[in-house]
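Visitor: Work out the full structure, taking the sequences as your base and the hints as a guide.
Chains as they are written, first to last, in this note's numbering: chain C, 1 to 114; chain X, 115 to 223.
Calculated directly from the structure, the hints in this document are not laboratory data. Please note that a few of the clues may not be correct.
Covered, in the sense of this in silico footprint (three residues per stretch, anywhere, with C-beta under 8 angstroms from a C-beta of chain X), are these stretches of chain C [claimed, not checked]:
#1 69-83
#2 104-112
Under the rule of at most 27 angstroms between Cα atoms (straight-line distance), these lysine-lysine pairs were calculated in the BS3-like manner [what the hints assert, rightly or not]:
#3 LYS70(C) with LYS115(X)
#4 LYS57(C) with LYS70(C)
#5 LYS156(X) with LYS9(C)
#6 LYS57(C) with LYS9(C)
#7 LYS70(C) with LYS9(C)
#8 LYS57(C) with LYS115(X)
#9 LYS115(X) with LYS14(C)
#10 LYS9(C) with LYS71(C)
We treat Cβ as the ideally placed atom computed from N, Cα and C, and that holds for glycine.
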Amino acid sequence: NAGVTQTPKFRVLKTGQSMTLLCAQDMNHEYMYWYRQDPGMGLRLIHYSVGEGTTAKGEVPDGYNVSRLKKQNFLLGLESAAPSQTSVYFCASSYEAREVETQYFGPGTRLLVL
Amino acid sequence: KQEVTQIPAALSVPEGENLVLNCSFTDSAIYNLQWFRQDPGKGLTSLLLIQSSQREQTSGRLNASLDKSSGRSTLYIAASQPGDSATYLCAVAGNQFYFGTGTSLTVIP
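Guide: As structure tokens, this is what we get:
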């Protein structure tokens with residue numbers, strides 16, 4: 001199993017450009033999450049999904065959109081990138097049953113917005 | 115809103131020493147607490163998960179405890195090794211997942 005994979009690994013954008021980050025998991029997990037990690041801030045939840053076709057807002061959703069058209073994929077979109085969105089983005093997935101289930105993380109995508 | 119704090123932010127110890135990392139949280143209404151390890155430039159790897167009804171979990175040289183009423187968890191690492199050098203993060207699962215900012219551990223050979 002590849003686990004959780006993220007594409008791309010690194011990207012540089014200019015302010016105002018758009019892009020989509022792709023997360024894929026091959027563990028048949030129901031739940032998927034997008035986080036951003038910034039120095040001194042820890043990981044913060046952007047959006048999450050509890051199943052195919054569903055999405056929900058996390059702690060810091062503004063400026064991002066997501067889609068979960070297929071169970072194995074979770075897309076994070078930036079419609080008009082801003083320098084404040086420079087960060088490392090992590091995708092994670094879990095089966096369900098929050099009481100007992102851990103999250104599995106991808107390797108991250110480093111995004112620089114100039 | 116849940117606030118998760120980890121102290122210390124950085125720790126440097128000689129090889130072989132036993133050490134304790136601390137995690138505190140403000141809202142005791144949690145499903146579980148997890149400890150993760152993050153190596154530089156990498157994703158997070160789960161180390162231990164403690165359900166809200168449990169008091170501790172052990173895996174090898176690692177032992178994590180949970181005191182929900184006081185909003186505290188500790189990660190105990192026995193006989194530290196240079197390979198343990200990494201950042202350790204705790205996360206609590208409530209209505210959402212909330213992470214601490216981590217403790218950066220360096221084990222000196």
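Visitor: Now look at each hint and say whether the structure bears it out.
Guide: Hint check:
{"no.": "1", "hint": "69-83", "verdict": "violated (count 0)"}
{"no.": "2", "hint": "104-112", "verdict": "holds (count 5)"}
{"no.": "3", "hint": "LYS70(C) with LYS115(X)", "verdict": "violated (31 angstroms)"}
{"no.": "4", "hint": "LYS57(C) with LYS70(C)", "verdict": "holds (18 angstroms)"}
{"no.": "5", "hint": "LYS156(X) with LYS9(C)", "verdict": "holds (11 angstroms)"}
{"no.": "6", "hint": "LYS57(C) with LYS9(C)", "verdict": "holds (24 angstroms)"}
{"no.": "7", "hint": "LYS70(C) with LYS9(C)", "verdict": "holds (21 angstroms)"}
{"no.": "8", "hint": "LYS57(C) with LYS115(X)", "verdict": "holds (15 angstroms)"}
{"no.": "9", "hint": "LYS115(X) with LYS14(C)", "verdict": "violated (33 angstroms)"}
{"no.": "10", "hint": "LYS9(C) with LYS71(C)", "verdict": "holds (22 angstroms)"}
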